[in-house]
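Please construct the entire structure, taking both the sequences and the accompanying hints into account.
Going down the list, the sequences are from chains A and B.
For what it's worth, my numbering labels the leading residue of the first sequence as 19, then goes sequentially.
For what it's worth, my numbering labels the leading residue of the second sequence as 143, then goes sequentially.
Some hints here could point you the wrong way.
[Claimed, not checked] Not close to chain A: a few residues of chain B, all C-beta gaps over 12 Å, as computed:
1) Pro-306
2) Phe-312
3) Val-314
4) Ser-315
5) Leu-330
6) Pro-331
7) Ala-491
[To be verified] Facing chain B, from chain A, some residues (calculated, C-beta under 7 Å):
8) Pro-33
9) Leu-37
10) Thr-55
11) Val-66
12) Gly-105
13) Phe-109
14) Gly-130
15) Phe-134
16) Trp-136
17) Ala-156
The hints are simulated quantities; they were obtained by calculation from the structure and are not laboratory data.
We put the beta carbon where it would ideally sit given N, CA and C, even for glycine.
One-letter residues, chain by chain:
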Amino acid sequence: MNAAPYGTVATYGSPDELLAAVRNVQAAGFTRIEAFTPFPVEGMAELVLPRPSNLPAIMLGAAASGAIFGFALQSCAARDYPLNSGGRPLFSWPSFVPVTFELAVLTAVVTGIAVFLWRAGLPHYHHPVFAAHNFGRASTDRFFLAVCADDPRYSPIAARAAFANSGPISVEEITS
Amino acid sequence: MTSAPSSAANISDVPNPALAVATLASVTEHVSALPLAHPRPRFWWLIFLTAFAGVMLLLASIAWLFVRGVGIWGINIPVGWGFAIVNFVWWIGIGHAGTFISAILLLLHQNWRTSISRFTEAMTLFAVACAGIYPLLHLGRPQYFYWLLPYPDTMGLWPQFRSPLVWDMFAVSTYASVSLLFWYTGLLPDFATMRDHAATAGKKRIYGLLSLGWRGDARHWAHYERLYLTLAGLAAPLVISVHSIVGLDFAAAMLPGWHSTIFPPYFVAGAIFSGFAMVLTLVIPLRRVYRLEAYITDRHLELMAKVMMAMGWLVTYGYFAEFVASWRGGNLYERFVGVNRATGPYAFAFWLLLACNILIPQLLWRTAWRRNPAVLLGVALAVNVGMWLERFIIVVTSLHRDYLPSSWGMYRPTFWDWSTFLGTIGLFIALLFLFLRFVPAISMSEMRGLIAKKEELP
Numbered sequence: 019m020n021a022a023p024y025g026t027v028a029t030y031g032s033p034d035e036l037l038a039a040v041r042n043v044q045a046a047g048f049t050r051i052e053a054f055t056p057f058p059v060e061g062m063a064e065l066v067l068p069r070p071s072n073l074p075a076i077m078l079g080a081a082a083s084g085a086i087f088g089f090a091l092q093s094c095a096a097r098d099y100p101l102n103s104g105g106r107p108l109f110s111w112p113s114f115v116p117v118t119f120e121l122a123v124l125t126a127v128v129t130g131i132a133v134f135l136w137r138a139g140l141p142h143y144h145h146p147v148f149a150a151h152n153f154g155r156a157s158t159d160r161f162f163l164a165v166c167a168d169d170p171r172y173s174p175i176a177a178r179a180a181f182a183n184s185g186p187i188s189v190e191e192i193t194s
Numbered sequence: 143m144t145s146a147p148s149s150a151a152n153i154s155d156v157p158n159p160a161l162a163v164a165t166l167a168s169v170t171e172h173v174s175a176l177p178l179a180h181p182r183p184r185f186w187w188l189i190f191l192t193a194f195a196g197v198m199l200l201l202a203s204i205a206w207l208f209v210r211g212v213g214i215w216g217i218n219i220p221v222g223w224g225f226a227i228v229n230f231v232w233w234i235g236i237g238h239a240g241t242f243i244s245a246i247l248l249l250l251h252q253n254w255r256t257s258i259s260r261f262t263e264a265m266t267l268f269a270v271a272c273a274g275i276y277p278l279l280h281l282g283r284p285q286y287f288y289w290l291l292p293y294p295d296t297m298g299l300w301p302q303f304r305s306p307l308v309w310d311m312f313a314v315s316t317y318a319s320v321s322l323l324f325w326y327t328g329l330l331p332d333f334a335t336m337r338d339h340a341a342t343a344g345k346k347r348i349y350g351l352l353s354l355g356w357r358g359d360a361r362h363w364a365h366y367e368r369l370y371l372t373l374a375g376l377a378a379p380l381v382i383s384v385h386s387i388v389g390l391d392f393a394a395a396m397l398p399g400w401h402s403t404i405f406p407p408y409f410v411a412g413a414i415f416s417g418f419a420m421v422l423t424l425v426i427p428l429r430r431v432y433r434l435e436a437y438i439t440d441r442h443l444e445l446m447a448k449v450m451m452a453m454g455w456l457v458t459y460g461y462f463a464e465f466v467a468s469w470r471g472g473n474l475y476e477r478f479v480g481v482n483r484a485t486g487p488y489a490f491a492f493w494l495l496l497a498c499n500i501l502i503p504q505l506l507w508r509t510a511w512r513r514n515p516a517v518l519l520g521v522a523l524a525v526n527v528g529m530w531l532e533r534f535i536i537v538v539t540s541l542h543r544d545y546l547p548s549s550w551g552m553y554r555p556t557f558w559d560w561s562t563f564l565g566t567i568g569l570f571i572a573l574l575f576l577f578l579r580f581v582p583a584i585s586m587s588e589m590r591g592l593i594a595k596k597e598e599l600p
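Next comes the structure, spelled out in structure tokens:
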């Protein structure tokens with residue numbers, strides 16, 4: 019039985035070559051591409067993500083809900099367990115600010131990281147691209163670009179043609 | 143002589159000469175070799191085992207505390223806050239430099255922070271771990287520490303949310319969790335690098351598991367960068383809130399010498415001051431032992447020295463403001479606390495604190511001394527001592543003689559006070575050496591990003 023193809027993977031030696039290759043491949047009409055780099059390459063995010071990540075907005079929402087929860091928690095506790103300290107009002111909201119703030123930050127951070135991991139599909143220990151030759155160097159000094167087999171225009175020959183004039187170090191087909 | 147401490151922004155634009163010759167591979171190789179090849183094993187084992195003995199001492203001290211209660215410490219009425227609170231504030235202050243370096247300097251585009259941020263974040267975590275132990279032990283019945291948390295219990299009990307102690311519980315636990323998550327998020331790509339560089343299958347598997355399968359996908363990076371910046375943006379006000387709340391622990395009390403609005407900002411400045419001193423104390427010997435001078439250069443030391451000096455002056459202003467407020471505030475008791483600090487039974491600690499925190503750091507006005515690791519280490523050690531004494535003075539002198547002379551008393555630390563303190567120093571160093579042994583101490587992915595940018599320059 020033949021394994022299903024993952025796609026065609028090319029290796030580059032510098033971030034600029036990779037950026038040029040991504041532009042070439044996109045110009046050739048491929049949409050299902052994946053790039054792998056040892057650090058965030060400047061200019062890459064705009065090429066692979068149609069619009070900037072909205073994580074900060076999600077985290078802001080999470081912070082707001084954390085703050086509301088924290089404030090409500092303290093207000094309810096002040097009502098359910100009334101502590102009269104020096105005749106101060108039970109709903110003494112200024113003293114609720116620190117805990118409200120801490121819970122806002124905590125909720126935002128936990129949500130941000132959880133949403134990030136969920137979006138990235140991590141943890142995910144097995145990925146076909148790990149089989150690529152020298153892929154270990156994708157975390158050091160090599161830049162990988164894959165055209166995935168589920169791309170409507172994909173064929174090994176078309177993919178190789180799209181890589182050809184960007185000067186890859188190597189090109190290979192990978193099965194998943 | 144010299145430039146003002148505020149010129150840090152300009153000097154940071156000068157490229158690090160070592161990075162000009164470094165390549166993506168050489169940086170990765172060098173940094174990942176620290177945990178993988180384990181150089182200088184004898185040094186590591188010597189320090190680790192010594193520190194581990196400290197951990198055992200800490201466990202023994204805590205066990206004895208559980209058996210006998212807080213009476214084993216020198217605390218009593220009137221001084222109910224002894225070493226436990228002094229050390230709590232000292233440790234948590236040390237932690238703040240890590241967040242300052244990794245979050246605030248990131249937001250300010252101070253690229254020089256890259257080579258020290260990972261290490262100082264680890265320092266933050268371990269310092270907060272040491273700090274967090276103290277208030278819990280000091281509760282009297284530490285086994286019931288969870289009563290500080292709001293949870294639906296059968297007693298129908300809620301914490302007193304107007305109390306700074308409860309604020310502290312939230313602030314410190316949030317700070318510890320956020321620091322850990324921020325640190326781990328930053329480590330994901332580096333764990334992947336470690337996985338790819340590890341020689342044995344076992345190491346590959348462990349680092350692989352820790353990396354969560356990170357493969358450097360460009361889309362992941364795009365989200366990751368936004369996430370990391372936003373986390374930094376949240377960590378920056380968080381660190382300020384944490385030490386402000388620690389300051390409020392004191393300021394909310396109606397006690398001469400504590401009841402002051404200057405406390406929160408003055409505590410934050412003091413925290414960063416002592417934290418930078420601790421970073422320097424650790425980094426100067428370690429960069430030499432592990433040959434990291436190419437990454438943590440004399441320029442880094444100089445910049446940290448400048449930040450330390452600037453914070454030192456803020457702290458000095460805090461002392462001055464306290465002094466003026468107590469002298470001119472028209473409150474007899476406040477004035478007495480000022481006089482008692484300078485001339486009372488703890489005067490030696492007060493004057494030593496002024497020497498360590500104000501006098502000795504002035505050596506750093508001289509450029510040559512700022513760039514001299516030995517001098518810098520000496521100054522940093524003095525500031526560590528000075529900031530510990532500052533907390534001692536604040537805690538003890540306000541309590542031991544307050545309103546009624548008939549209820550005055552003295553605080554004398556016991557063996558168990560000292561053993562718990564030494565024990566947390568052991569815990570801190572042991573954790574730090576485990577970190578150096580198993581985790582890349584410099585952020586490799588951020589260093590690679592910096593190098594790539596340098597290559598693009600004409």
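Hint by hint, here is what the structure shows:
1. Pro-306: Nearest chain A Cβ is 8 Å from Pro-306(B), so the label is violated.
2. Phe-312: 4 Å, violated
3. Val-314: Contrary to the label, Val-314(B) does not stay out of reach of chain A, its closest Cβ about 9 Å off (not over 12 Å).
4. Ser-315: Its Cβ does come within 12 Å of chain A, the nearest being 8 Å, so this is violated.
5. Leu-330: 8 Å, violated
6. Pro-331: The assertion about Pro-331(B) is violated, with a minimum of 7 Å to chain A.
7. Ala-491: 31 Å, holds
8. Pro-33: This hint holds: Pro-33(A) lies near chain B, its Cβ roughly 6 Å from the closest one there, short of 7 Å.
9. Leu-37: 10 Å, violated
10. Thr-55: Since chain B brings a Cβ to about 5 Å from Thr-55(A), closer than 7 Å, the hint holds.
11. Val-66: 5 Å, holds
12. Gly-105: 13 Å, violated
13. Phe-109: 11 Å, violated
14. Gly-130: Gly-130(A) check passes; min Cβ-Cβ to chain B is 6 Å, inside 7 Å.
15. Phe-134: Interface hint status for Phe-134(A): holds (5 Å vs cutoff 7 Å).
16. Trp-136: 10 Å, violated
17. Ala-156: 5 Å, holds
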